[in-house]
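Number of protein chains: 2
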Amino acid sequence: MSNTFTSITNHQVRLAKRPEGTPKRDDWSFTTESAGQPADGGVLVQTLSLSLDPAMRGWMNEGKSYIPPVELGAVMRAGGIGRVVFSRNAAFAVGDVVYGTLGVQEYCLVAQEEIKRSGLTKIDLRAGTVGQWLNVLGMPGMTAYFGLMDVGLPQAGETLVVSGAAGAVGQTVGQLAKIKGCRVVGIAGGAAKCDWVVKELGFDACIDYKAGPAAVREGLKEHCPKGVDIYFDNVGGDILDAVLARLARGARIIICGAISQYNNTTPVQGPKNYLSLLVNRARMQGIVVFDYADRYHLAAAEMAGYLKDGRMKSREDVVEGGVAAFPEALLKLFTGENFGKLVLKVAD
Amino acid sequence: MSNTFTSITNHQVRLAKRPEGTPKRDDWSFTTESAGQPADGGVLVQTLSLSLDPAMRGWMNEGKSYIPPVELGAVMRAGGIGRVVFSRNAAFAVGDVVYGTLGVQEYCLVAQEEIKRSGLTKIDLRAGTVGQWLNVLGMPGMTAYFGLMDVGLPQAGETLVVSGAAGAVGQTVGQLAKIKGCRVVGIAGGAAKCDWVVKELGFDACIDYKAGPAAVREGLKEHCPKGVDIYFDNVGGDILDAVLARLARGARIIICGAISQYNNTTPVQGPKNYLSLLVNRARMQGIVVFDYADRYHLAAAEMAGYLKDGRMKSREDVVEGGVAAFPEALLKLFTGENFGKLVLKVAD
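Taken in sequence, the protein lines are chains Y and H.
Here our numbering is used: position 324 in the first sequence is 324, and no number is missing along the way.
Here our numbering is used: position 304 in the second sequence is 304, and no number is missing along the way.
Worth flagging that the hints you see were computed from the coordinates, not collected in a lab.
Among the clues, some could well be false.
Unchecked claim - Listed below are the simulated DSS-like cross-link pairs for lysine-lysine, each with C-alpha atoms no more than 30 Å apart in a straight line:
| no. | chain 1 | residue 1 | chain 2 | residue 2 |
| --- | --- | --- | --- | --- |
| 1 | Y | 199 | Y | 221 |
| 2 | H | 272 | Y | 226 |
| 3 | H | 313 | Y | 272 |
| 4 | Y | 17 | H | 272 |
| 5 | Y | 272 | H | 221 |
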């Protein structure tokens with residue numbers, strides 16, 4: 001059997017340079033290797049789909065963060081779903097579908113000592129599709145769940161605003177907040193996304209930030225007449241400032257990301273309205289989803305229930321073309337071109 | 001008796017214009033009136049000492065804040081300590097020493113229906129001097145106490161940094177954090193203040209921000225080798241950014257003020273390192289002392305104990321000259337010239 005697998009070809013995308021600003025094609029290198037075969041205790045996983053996330057941009061930068069940067073020359077880090085094609089570990093059988101940090105490559109060889117670190121976990125396709133396991137039931141969904149529930153502390157009747165409302169995290173934040181009884185106002189780019197968020201996902205309103213900063217300010221005023229109790233921030237920049245200016249007393253801001261700032265070549269734009277935290281006795285708190293790993297299964301079970309009963313929808317934007325399409329596909333996140341959770345399909 | 005009192009002359013300082021930037025002499029007007037006499041249920045209070053606070057600058061601006069702005073033409077708002085000189089209210093006797101929002105004037109006539117709103121409370125000079133009642137036992141002390149205890153949640157062994165360390169709030173924050181078992185690092189302006197904070201108040205270290213931004217960064221690195229668990233921010237601006245860059249995981253930032261930004265004629269400088277909140281799962285929260293009014297007496301009792309046993313020191317910077325000296329005295333806060341709690345003495 002091992003002879004079969006040593007002949008498997010593995011295409012990989014590696015980080016060649018630390019990008020300045022928006023990542024360019026020559027920040028990446030493309031390699032072709034043998035997939036190799038696992039030693040005792042290891043598994044070989046074939047990548048089915050990869051999750052493309054705003055956080056990836058941060059992993060490309062040098063310097064301390066909540067996770068070490070991707071080293072130059074290393075396969076780009078990516079979470080994904082794959083199928084076990086070779087196993088020398090009793091916990092995984094050939095054919096098992098797994099989630100893990102597979103990287104931007106067609107096959108991922110996981111040694112026994114790396115199984116935990118790469119978060120390799122079997123997933124149950126009866127609870128959700130591969131797409132849903134990368135979205136509502138995966139990292140974006142977990143980020144939405146724990147950010148909202150543990151930091152946002154939603155109370156029925158409160159007003160929640162979420163930016164990146166049509167994105168992977170935002171769509172789930174808004175739907176979950178509706179389930180918890182909040183009034184939900186999204187902020188998204190373009191009429192199509194705003195319409196979808198309101199008509200398909202059931203948000204109470206959605207503000208099109210592409211209509212300009214004045215439209216965002218006016219929209220917040222109109223749709224949040226009593227102020228904003230919870231703001232789930234995925235974007236930073238001017239939108240964060242606009243929401244700060246509309247906080248209700250005792251508001252909670254969840255800092256989940258700042259996609260407007262990730263490709264900056266100048267310093268990050270600090271929220272000049274941050275003293276609204278003082279005036280309104282409000283709180284701004286950062287969240288990193290990995291901290292909640294021991295409760296993922298509970299959140300996923302709750303969310304799977306909402307998917308089943310139709311209260312939660314999951315939209316993925318699937319890019320075909322395999323790992324070679326990764327560099328361009330990733331950029332859709334920063335132009336706001338993606339519509340729903342961005343997924344790169346690598347194999348069927 | 002009423003004849004005596006109607007002849008009392010009252011000098012007052014009123015807000016004539018909304019200042020742009022640093023308040024100037026002609027932003028004020030000076031009036032001389034009869035002190036008047038209280039109707040049934042009211043009291044007349046002679047001002048002894050007034051508290052000069054950074055927050056006053058905010059009260060001069062138009063627009064929504066945690067408290068309405070001082071109206072143009074009105075006596076400038078100020079907390080202070082006075083002596084009841086005429087009383088038609090059974091709760092107050094002539095000779096009682098009281099704290100309240102007396103305003104920048106020599107006499108304050110408080111009608112019955114205004115007694116609660118002006119926070120008129122008898123104080124016990126056995127627990128502390130007039131100066132201490134405007135400092136450790138007064139608003140700055142209460143701000144320090146509830147900001148630190150309720151928002152900062154100090155644990156023994158943690159590292160706390162406080163800016164404006166020699167100021168009214170900062171000196172108490174640092175001493176209280178020491179009592180609670182923290183390692184305490186101050187940030188203050190000039191060698192004299194830094195020396196005093198370390199030698200007299202017992203802080204573990206104090207960084208002189210007047211030595212420049214690089215010195216602040218280096219000082220934080222040196223004195224907070226494990227990062228900053230709690231930052232009590234009185235100043236905002238570059239110092240807030242420098243501390244954000246050194247946060248420990250799970251850090252709490254108390255936003256108490258931003259004196260570096262109060263006289264800005266340009267927008268407030270937002271903290272460009274705010275994404276450190278995300279990386280470090282940290283929290284930034286605003287505090288307004290008035291929210292804790294129903295627990296002032298408990299905090300004051302605890303602090304009076306520390307004053308008695310010598311673990312807490314209280315330093316006031318007393319300006320003589322009466323209400324006429326108010327405009328110039330206030331500016332000492334913004335130049336950093338004051339050393340300890342700034343108090344304007346109005347009468348003996």
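Results for each hint:
1. Y:199 / Y:221: holds (21 Å)
2. H:272 / Y:226: holds (29 Å)
3. H:313 / Y:272: Not satisfied, since the Cα-Cα distance of roughly 35 Å exceeds 30 Å.
4. Y:17 / H:272: holds (25 Å)
5. Y:272 / H:221: Given pair residue 272 (chain Y), residue 221 (chain H) holds - Cα atoms ~26 Å apart, limit 30 Å.
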